[in-house]
Each structure stands twice: as structure tokens, then as C-alpha cells.
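Residue numbers (our numbering), protein chains in the order written: chain A, -4 to 110; chain B, 95 to 209.
These aren't lab readings, by the way, just hints derived from the structure by calculation.
Treat the hints loosely; a few may be bogus.
Straight-line distance between alpha carbons at most 20 angstroms, and here's what the computed EDC-like set of lysine to aspartate or glutamate pairs gives [claimed, not checked]:
no., chain 1, residue 1, chain 2, residue 2
1, A, Lys35, B, Glu97
2, A, Lys36, B, Asp133
3, B, Lys201, A, Glu103
4, A, Lys31, B, Glu111
5, A, Lys39, B, Asp121
Values in this document were obtained by computation on a predicted structure and should not be read as measured data.
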Amino acid sequence: DTAVSQTPKYLVTQMGNDKSIKCEQNLGHDTMYWYKQDSKKFLKIMFSYNNKELIINETVPNRFSPKSPDKAHLNLHINSLELGDSAVYFCASSQLAGVNTGELFFGEGSRLTVL
Amino acid sequence: KQEVTQIPAALSVPEGENLVLNCSFTDSAIYNLQWFRQDPGKGLTSLLLIQSSQREQTSGRLNASLDKSSGRSTLYIAASQPGDSATYLCAVRRGSGGSNYKLTFGKGTLLTVNP
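Working from the sequences, and respecting the hints, build out all of it.
Here it is as C-alpha cells:
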């Protein structure tokens, strides 16, 4: 069973379109994250939710909107896609209390290409 | 603002060699430090998590140390194998509560182990 799963794995779309990436974790964690990995492979946090509450909201365009229907799911919706949005988007989860507090587990990534 | 640096950026070694990867961070007030490996086109796999109160963690041929006061961590890989070839990333978590849950990543060390 995949611990953190994201769909789709690949997404190719035109500029100006709206797209969503979904993420689910079956680890029972209370916190989920979206990270962006750019072409230089640098990973940067975008958002984090703890028990469905937004706790981290880095400086990203408001075209990016996360949604957490429950603590096992965190989806990312992107409006009016731009060329610069092309990247790999990683979902991750962690548990913020107990043994190994804060250890992050990542999904396989969703490679977004905007043409 | 926390900055994480990993040296070297790339390393190529013959199979069987022991090696050390370095990670340094500018703000020593960290909550924990985590080492990951990333294979090409894949997500990140957690290798070792060191809490701020710990000095080292071991898993198989891997040993990670943490010197919080000097802002350094090392990842030691014993008897390297071609399967160890990957990018190794170091990440630090600033503290507990709110936006401190985020990890700050280094840019990684690309390791190639030659048969």
C-alpha cells in the first residue's frame, strides 16, 4: 500500500488552463504539505495543513489554492496556469506528536508541464 | 532566515568506499534534521531523522550525526554500493508550532557509486 499517493503523476496542459492535483495519505498523520521542486531540483514549501487547518502559507501566487476536505487528503488547485508553474509538485505528510515527531513522508510527485 | 548548504554538490566514488556527505545550517535553533534520498524521477525517501536532543542515528550502513551548536550534520555511508547512487537531501525543521513546522531543504548532493 502506498503511504502517500498523488494523482496524476504527469500533467501536460496549456497556459491559462485550470488544473488540480490530488493527494491522499493512509499513515494516519495529522499534517500534510505541498512542496514545489523547480528545474534546479530545489525543494520549497508551499502550504501545510494540520487537521484541516492551514498552518503554513508561503508566498505563492493566489492562483494556487489548497483544499483539505479531511486530514487524510490535501488537494492543490491551480488557476490560470503559467509557463513558470512547470515543476514537480510533491505532497508530504507527518505526525506532529509522538515518536519520530515531524518525520516527513513524501509522495512520488506530480510533474506539471505548461505549454 | 534558515539556510541549508550541502557540500559537495556532486560526488563520484568507486564501489566499496566509505563516504561522508555534509550539511550545514545557519540557524542552530532547530527542532530536528532529516536526511532523504531521491532517485531520478521519484519522490523523497526518508533515511534518518535526528531530533535536536540527539547526537546521531544509525540505520544499516548509514549513520547521521548532528552538532547543533556548530550547525552541522554529516551522513556517513559505509561500504558504498551502486544502488546507493541518488541525490541525498538534508532538511531542517525550525521549531514547533505554526509556520515552524516547515522543513528547509538543502540543494542536495548527487552521489554516483561506480561498480
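Cross-check of the supplied hints:
For the proposed pair A/Lys35 and B/Glu97, the alpha carbon gap of about 17 angstroms is at most 20 angstroms, so the pair holds. For the proposed pair A/Lys36 and B/Asp133, the alpha carbon gap of about 12 angstroms is at most 20 angstroms, so the pair holds. Distance hint between B/Lys201 and A/Glu103 is fulfilled; the C-alpha atoms sit about 18 angstroms from each other, no more than 20 angstroms. Proposed proximity of A/Lys31 and B/Glu111 is contradicted: the alpha carbons are some 34 angstroms apart, above 20 angstroms.
Taking the CA atoms of A/Lys39 and B/Asp121, the gap is about 18 angstroms. The hint holds against a cut of 20 angstroms.
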